[in-house]
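Q: Chains as they are written, first to last, in this note's numbering: chain A, 2 to 258; chain B, 631 to 856; chain C, 1193 to 1317.
Worth flagging that the hints you see were computed from the coordinates, not collected in a lab.
In this text the structure is predicted, and so the values were computed from the model without any measurement.
A hint or two may mislead.
In silico lysine to any residue, SDA-like type, Cα no more than 20 Å apart, as pairs [to be verified]:
1. 773(B) to 1235(C)
2. 791(B) to 1236(C)
3. 735(B) to 723(B)
4. 752(B) to 80(A)
5. 752(B) to 73(A)
6. 773(B) to 1246(C)
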Amino acid sequence: MKGFKTLLWLEFRRNGIWAAILIGSLAFWAWGLFQVRLVEVSQQLEVRAILLVLASAIGAVVLALMIGRIRSETRGGQFQVLLLTPPSGYVHIAARYAFAVATAVVYYVAVGGLAWWTIAMSGLPLDAGSVAQLTLAVPFYGLGITVLPLLAWTLLLMVFIAAYRVSGPGWIPGTVMVLGTPFALRWLIEGIVRASYRLPGWHLFGGLEGAIRQAAAQSNGELDPIAVLPQEPLWIMLAVTAILLAIAGRIWQEVEG
Amino acid sequence: MLASLNRATKQYGRTEGVRDLTVEFPPGEVVGVLGLNGSGKSTMLKLLAGLLFPTSGDVAVFDGPARAQRARVVYLGETDALWSWMTPDDAATFMVGLYDDFDVKRYGELLASLAVPRRRTKAMSKGERGRLRLAMALARDAKLYLLDEPLGGIDLLSREKILQSIVRGWHTDETILLSTHEVAEAEGLFERVVYLREGRIALDATAETLRGRGKSVVQTYREVLG
Amino acid sequence: MTIERTCPIDMNAGPIFVQIANHVRQMLARGEIVPGDKLPSARDLAAGLGVNPNTVVHAFAELERMSVIETRRGLGTFVRGDAPVAAMRRDMLRTAAAAFAVEATALGVSTPEALAALKEALNAG
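When you get a sec, could you build the whole thing from the sequences and use the hints?
A: This is the structure we're talking about:
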């Protein structure tokens, strides 16, 4: 992995500002979550949940844009400079991915923290184990099944477009890949659903089940206590991620500039 | 042979490309690659750098595929390709971390002799950025240097400094391929000139042979490509 | 001694190595450099002239062949102590005289007339 450290440094210099803006945006979400106290009490938990989901989704989009941005660098020639550096395509992809994942981890653990804060604001008592699960286990699980494969897919899309840029219009294979993805995704999710719960699931919030059920009752039964996480989606998505990254690294070697 | 193209063809875009190009470069030559816009100069250098792959034919550098030799070949592209936040020190971090043959001491000397200011590239003039990129390229110790238009869009004094740096840094076993439109200024540097037209070789000759016939490289350029 | 500053390179006037070799011989004939003087290194001279170092090496080889200079290992290139300065001076004078003769003939002047003009120019010199 010679050059990995330097490429990681380069990522930090190239995209550090994006990462800083993303992590800085947490202050905005915290402010929003806090302002929800002005909403009618019965709806507070729901609005906060929506805000947290929104923060997670927007974070994923920003990360994907950050990692997939390529046009300015292919035009400016910086991408060509990188293509001719000695490290292999795998090292380049690994460095880009590692930086984005590091940013994502900081962001989503903080979002988990906001979730904990939100629950604490609503008066639900949380034991230490549940707090740790909420701020670590849930974000990492969520990252594993959504953001990690998404970022790998974005990287693959980026090199895919770059690979066809010189000898043909890059946006055509890009469009094909974007349009084909929903079908691949559907197939994948169906497979995951069929496979789920063969392995033992992870029980979270064991000490809290009663309290969650109570909160669920208060919110007219719309809030289900989710306390068991199936293992299969995580392993399958991590495997998919590894495959996407490997393909991206391989294609990188063939990209013309 | 240090580098060669054997019946290499590469067509892309509207005009760019080379057709059925066969040419060899032994060690220790300074070669001028001359031609009008779209004549295939950049394509030839990119093929040798491994930035492009030939559609047909072979491109060999150190007897291997060009891209695989990228750690041992210096390529300076014609685009002004540096990140806007980069300072000369950042550029050194980048080069030291990625290239084993990058000589920091020589880089410092080149920055000084080429008068590159120590600020971000976005605050530099085009000539200053060009000189910085050249310092990054020439501070490497390789056997093959591919310099695509290192003098393009650069002021007269910078051009002279750049040519001097190239002469001073050159070792007798190193081959330099230099494409340029500033033929008159650079011609003294060339041992050999390859004139390209429409992706093919129009003339491949020793510069002193041309002068021996009483014609400068520039004059020959007019006759061959005019 | 400043070969790199005084040597004019004309890309249209034949091979550069010949021009450099001729210039060194001219400087010797004129006494601007003398036997025993050290010449600049090929690389320095090349950088100063903006030409390929191999071209300078070629010029030096040519001068060496004419017994004008010699390379002393590890020390550099020197004008030989027995460099045929007088012969070179005579050669150059003859070349200049021949050029003058060609011009005088073309102008259709008589030999005494041409010699008178030459004498006058030399005296004005």
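Q: With reference to the structure, classify each hint as holding or not holding.
A: For each hint, the structure was consulted:
no.: 1; hint: 773(B) to 1235(C); result: holds, 18 Å
no.: 2; hint: 791(B) to 1236(C); result: holds, 14 Å
no.: 3; hint: 735(B) to 723(B); result: holds, 13 Å
no.: 4; hint: 752(B) to 80(A); result: holds, 18 Å
no.: 5; hint: 752(B) to 73(A); result: holds, 15 Å
no.: 6; hint: 773(B) to 1246(C); result: holds, 17 Å
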